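Work out the full structure: start from the sequences and follow the hints.
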Amino acid sequence: MAASDSWPKHSTEPYSDDSTLDTVDIWLPRASSSEDSNRLWVIYIHGGAWRDPAISATSFTPTLDKLSKSGVADQIAGYASINYRLSPYPSHPTDPSDPSDPARNATHPDHINDVLAAILSLQEKHHFEDRYVLVGHSCGATLAMQAAMKRYWGSQYESTFALELNVVPPKAILGVEGIYDMPAFVRNHEDQPIYKDFVHNAFGPSGWDAASPTNGDYEESWPDGELVVLAHSADDSLVEPEQASSMKDVLEAQDWNRSERRQVKTFEVHGEHDEVWQTEEVARAIDWTLQQLQPSTSIIQNVSLATTGEAELKVTSFGPEVESLAQSAVSSYLLRPHAVGRRLAGLSRVPDFWWTMGNAWGSQEREGNERE
1 MAASDSWPKH STEPYSDDST LDTVDIWLPR ASSSEDSNRL WVIYIHGGAW RDPAISATSF
61 TPTLDKLSKS GVADQIAGYA SINYRLSPYP SHPTDPSDPS DPARNATHPD HINDVLAAIL
121 SLQEKHHFED RYVLVGHSCG ATLAMQAAMK RYWGSQYEST FALELNVVPP KAILGVEGIY
181 DMPAFVRNHE DQPIYKDFVH NAFGPSGWDA ASPTNGDYEE SWPDGELVVL AHSADDSLVE
241 PEQASSMKDV LEAQDWNRSE RRQVKTFEVH GEHDEVWQTE EVARAIDWTL QQLQPSTSII
301 QNVSLATTGE AELKVTSFGP EVESLAQSAV SSYLLRPHAV GRRLAGLSRV PDFWWTMGNA
361 WGSQEREGNE RE
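Each residue of the sequence shown is one higher than the last, beginning at 1 in full-length UniProt numbering.
Everything labelled a hint here was simulated from the structure, so no lab data went into it. Remember, it's a predicted structure, so these values are computed and weren't measured experimentally. Please note that a few of the clues may not be correct.
Ranges of calculated distance between the beta carbons of each label pair, as one might list FRET restraints [to be verified]:
1. D101 <-> D65: 27 to 33 angstroms
2. H92 <-> R30: 35 to 41 angstroms
3. E275 <-> Q192: 17 to 23 angstroms
4. P96 <-> Q294: 42 to 48 angstroms
5. Q292 <-> L120: 24 to 30 angstroms
6. H189 <-> K9: 29 to 35 angstroms
All C-beta atoms, glycine included, are put in the ideal place defined by N, C-alpha and C.
See the structure below:
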């Protein structure tokens with residue numbers, strides 16, 4: 001579908017010629033501007049047990065409708081929702097898969113390869129690099145976490161496509177009703193053969209453990225990751241809450257939550273498994289996730305330089321370590337913005353820090369010249 005002539009704009013664009021499902025829906029809320037460098041993209045990966053043709057990129061529409069009217073809308077540069085090849089589902093009641101259709105006969109790592117190719121296509125066109133939140137529902141949450149994992153899935157897989165993609169991982173991941181430990185998932189539902197069936201369809205008879213996000217080494221594969229939010233509903237009868245708690249345990253064992261630099265948080269949503277995306281719950285979780293990221297992207301506020309030459313710096317939301325360093329630097333006038341920026345590197349991601357500080361020092365120096 002071609003983009004419209006008015007804002008917001010929507011388009012459906014191919015990212016690969018492997019199948020008819022290799023498309024991504026894109027919504028741009030406004031014309032691009034320099035302010036977009038301080039905004040984030042929201043990229044969504046739908047669920048559906050890796051195989052359900054009734055759940056597609058359009059399942060993001062209810063979430064988009066809510067987000068576009070929310071208080072965080074101005075923080076968002078663009079939205080995208082990814083379609084990807086599906087695993088076989090010959091018994092689907094209304095749209096059974098055809099063995100000759102490449103869009104409906106995928107096995108791992110086809111799904112994650114498609115997701116990575118879609119993200120790379122978006123990054124190359126819109127140049128947002130790591131400035132995005134990757135959101136996934138159900139198996140979409142599996143894929144979101146896999147996007148942050150090491151991309152070598154094992155010698156049994158011939159494809160090296162994912163290894164060749166220069167995809168920049170996201171700033172944050174939001175998993176909603178996610179499947180993170182597939183062996184445990186199948187074991188917990190061993191009295192319901194459909195669970196093993198759809199996991200087997202997606203991953204074959206082996207490889208479940210290696211591809212499970214709980215098997216990831218995120219210090220190695222995602223060193224710049226800042227935030228993981230694991231959202232789950234107590235009303236979900238399809239995916240147990242232990243999936244989210246196991247993922248949280250894995251991340252905390254890898255030193256997430258040891259500092260403000262890398263955080264894993266939980267968020268409660270409400271409703272049955274699919275009701276979560278059919279209602280406002282995914283939008284509410286995204287809104288909350290963006291608010292958690294705000295401290296690392298907000299601007300230093302209330303910099304005032306008195307005519308006496310004494311400086312007062314009030315820093316909000318950066319934490320005491322950053323505030324102490326910044327206060328010392330400004331009060332002494334011994335450091336220039338680039339030096340402060342170097343010292344702050346590794347403490348906090350504050351892209352506007354040196355810009356604001358530069359303005360402050362510039363004002364002080366101009367006032368000093370005028371007094372002379």
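Now the hints, each set against the structure:
Restraint check, D101 to D65: a C-beta distance of roughly 31 angstroms satisfies the suggested window 27 to 33 angstroms. Taking 35 to 41 angstroms as the suggested C-beta distance range, the pair H92 and R30 conforms, at roughly 39 angstroms. Checked against the hint of 17 to 23 angstroms, the C-beta distance between E275 and Q192 comes to roughly 20 angstroms, which is consistent with it. As the Cβ distance of P96 to Q294 is approximately 46 angstroms, the hint placing it in 42 to 48 angstroms holds.
Between Q292 and L120 the Cβ separation comes to about 26 angstroms, which falls inside the hinted range of 24 to 30 angstroms. The supplied range of 29 to 35 angstroms is broken by H189 and K9, whose beta-carbon atoms lie about 42 angstroms from each other.
Checked against the numbered hints above, the structure violates only hint 6.
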